[in-house]
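Asks: Model the placement of chain B on the given structure of chain A, informed by the hints.
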Amino acid sequence: MKALTSRRHPAALVLLLLIGLLITGSVYAALAPKQATAANGSASQIEDGRKLFESNCSTCHGVQATGTPDGPSLVGVGAAAVDFQVGTGRMPMVAPGPQAPRIKTEMFDQDQIDAMAAYVASLAPGPSSPTADQIDASKGDAGKGGELFRVNCAMCHSSAGAGGALTRGKYAPGLKNVEPKHIYEAMQTGPQSMPVFNDNNITPDEKRDIIAYVQQTQEHASTGGQSLGGYGPVPEGMFAWIFGMGLMVAAAVWAASRAN
Amino acid sequence: MNEQNQPSAEVVPTGTSDADAVRLDQGHIHGEGGYPEAFENPGLPPHTPRLTDIDEAAAKRAERQIAGLFTLSIIGSILFLVGYFTFGVDARNWFPGVGVMSTTHLLLGAGLALGLLGIGLGVLHWSRTLMPGEEIVESRHHLASSDEQRAELADTFVKGVEGSQINRRPLIKYSLGGALGLVSLPILVQLVGSLGPLPKDDLYVSAWSGLPDENGKRTFSAPRLVLDPENRPIKASDVTIGSVFHVQPEGLLDLHDHVLEEKGKSSVIVMRLDPGDFADNDLGRKARDWGHDGIVAYSKICTHVGCPVGLYEQTTHHLLCPCHQSTFDVTQDCKVIFGPAKRPLPQLKITVDDEGYLIAAQPFMEPVGPSFWERD
Numbered sequence: 001m002k003a004l005t006s007r008r009h010p011a012a013l014v015l016l017l018l019i020g021l022l023i024t025g026s027v028y029a030a031l032a033p034k035q036a037t038a039a040n041g042s043a044s045q046i047e048d049g050r051k052l053f054e055s056n057c058s059t060c061h062g063v064q065a066t067g068t069p070d071g072p073s074l075v076g077v078g079a080a081a082v083d084f085q086v087g088t089g090r091m092p093m094v095a096p097g098p099q100a101p102r103i104k105t106e107m108f109d110q111d112q113i114d115a116m117a118a119y120v121a122s123l124a125p126g127p128s129s130p131t132a133d134q135i136d137a138s139k140g141d142a143g144k145g146g147e148l149f150r151v152n153c154a155m156c157h158s159s160a161g162a163g164g165a166l167t168r169g170k171y172a173p174g175l176k177n178v179e180p181k182h183i184y185e186a187m188q189t190g191p192q193s194m195p196v197f198n199d200n201n202i203t204p205d206e207k208r209d210i211i212a213y214v215q216q217t218q219e220h221a222s223t224g225g226q227s228l229g230g231y232g233p234v235p236e237g238m239f240a241w242i243f244g245m246g247l248m249v250a251a252a253v254w255a256a257s258r259a260n
Numbered sequence: 001m002n003e004q005n006q007p008s009a010e011v012v013p014t015g016t017s018d019a020d021a022v023r024l025d026q027g028h029i030h031g032e033g034g035y036p037e038a039f040e041n042p043g044l045p046p047h048t049p050r051l052t053d054i055d056e057a058a059a060k061r062a063e064r065q066i067a068g069l070f071t072l073s074i075i076g077s078i079l080f081l082v083g084y085f086t087f088g089v090d091a092r093n094w095f096p097g098v099g100v101m102s103t104t105h106l107l108l109g110a111g112l113a114l115g116l117l118g119i120g121l122g123v124l125h126w127s128r129t130l131m132p133g134e135e136i137v138e139s140r141h142h143l144a145s146s147d148e149q150r151a152e153l154a155d156t157f158v159k160g161v162e163g164s165q166i167n168r169r170p171l172i173k174y175s176l177g178g179a180l181g182l183v184s185l186p187i188l189v190q191l192v193g194s195l196g197p198l199p200k201d202d203l204y205v206s207a208w209s210g211l212p213d214e215n216g217k218r219t220f221s222a223p224r225l226v227l228d229p230e231n232r233p234i235k236a237s238d239v240t241i242g243s244v245f246h247v248q249p250e251g252l253l254d255l256h257d258h259v260l261e262e263k264g265k266s267s268v269i270v271m272r273l274d275p276g277d278f279a280d281n282d283l284g285r286k287a288r289d290w291g292h293d294g295i296v297a298y299s300k301i302c303t304h305v306g307c308p309v310g311l312y313e314q315t316t317h318h319l320l321c322p323c324h325q326s327t328f329d330v331t332q333d334c335k336v337i338f339g340p341a342k343r344p345l346p347q348l349k350i351t352v353d354d355e356g357y358l359i360a361a362q363p364f365m366e367p368v369g370p371s372f373w374e375r376d
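Top line first, the protein sequences correspond to chains A and B. In terms of my numbering, the first sequence is residues 1 to 260. In terms of my numbering, the second sequence is residues 1 to 376.
Check the hints yourself; a few may be wrong.
Stated by the list, open to error - With a straight-line Cα cutoff of 27 Å, these simulated DSS-like cross-link-like pairs (lysine-lysine) come out:
#1 A:144 to B:263
#2 B:235 to A:144
#3 A:170 to B:335
#4 A:170 to B:342
#5 A:170 to A:181
#6 B:349 to B:235
#7 B:349 to B:263
#8 B:159 to B:263
#9 B:349 to B:200
#10 A:144 to A:104
#11 B:335 to B:349
#12 B:235 to B:286
Worth flagging that the hints you see were computed from the coordinates, not collected in a lab.
Just chain A, same shape as in the assembly (with noise of 0.2 Å):
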């Protein structure tokens, strides 16, 4: 010690610089935006995963999760991918198609779930499931939540969330009951023909505004009656045009007959 008190050590260089990179290091770590956090799965958790995954899931994403010609690879969709798609019973597949539907299904509990997205996260980082705090709509401002909405979701699935058509046989789903945890996911990981609205285009306290406006139109029945489904002006249309010039027409045959 004394002798780096009055001169140098030689190896006080090589010290000064593992500290400084050391330092530079950690307080990279800390500070750095983090773009993808991978699941800190126990180990058990991901050999159960493993397992899981290789009995439901390898025919089409492959044994390694690296794809087949009939799935995609998994390496770095992150457990918010797989949360969604087998949380909504996407995944498995029920039969082939254009879009893997949503179906309630009972086929795997919260944790099995919970299995298989730690062991695609051990894969390589992406993207986790939310917080719970990043999904308490009552902390969402709606009323922000409802202009991103209708600038970036609204085009597909409707200004009311009802969903709407899309080329080929895909559609942009309805968001009646849909899990907030699950509608953080699918923006932040676009599930099938979905686009991708990472954090930097929509943040996550706008997801979580975006999350409160859906709900609220849920919550808040609408004044005007049958709804026939908020799809629109077509179905809207058509309705008046059956029913209201149905009645109509009968009536006029009935007013130009000629009573007993």
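Replies: Chain B alone, transformed into the frame defined by chain A:
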């Protein structure tokens, strides 16, 4: 009538079971030809009385039905008033076949419908059952006035013109003509003036060419692409593959006036594709070259009738217009691959500035949106 092409007068029976059956090409019977001088008026069919005309009980029943319809109307009107005065706007209830809806709105609508429908149906039923059922003929008459009256009117008019001396005094005649001609101008000028200023180059330029200064002049300043509605600039690294950003030129969202007019022309959709996904042809190469590292920007205004083309499928790279299903292929410079649109979406050439933010490299090189008369 049919002097040429006279068919045979002979009827040739064919077949064995039915003696009257004839061959179509030989079976015509040559008649006398021509029509009678005039069709005789067949007159009205014989009048048959209605049940209500002959049966007093049926008439009574019809009377009660009519009164019942009028009573329905009265009930409807009362329902309307009850709905108007007793329920608050926020009161909601569940109704069968309708679901949860505002009680007052339902009562107002249903009440007014019954109020009008009851009167209409009642009157119709009344005329069908109880009002006179005899068919009557009302002859048409000559409508003109008598010759004397017409001559008298013409005479009055001629005398009036003479009395005004207008033909003898040309000064009055021409000054009146001038006055009447000019007085129409104030009305015409107002009408034409209210049609608004001439569009000038409004349809050719957008806010990407610069925002208009006091004189309406636009100067291109390579604006940054900012997120709509958050008004945040976008770094190229923020746009991950498969992303869609809805953007406006920087400064537009800070405007106080004419924001929507400007937005209507300058809305742009930014997507990032894997650079290898672009088609290997001139269109695909142009699309990639006008972008930055796979990030491309296209006008969001459909070239058909101007709906916002926002439905991007990240798997097929198709952009779909929700109004008439025009489909544009982003990998081929937004070529129309389906639907009524005739032209591809205009591409906005983009690049990055020193800080890594996306900026427009040049304004739109063609008018955005639907075709218009003078467009090439």
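Asks: Could you check the structure against the hints above and give me the numbers of any it violates, in ascending order?
Replies: 8 and 10
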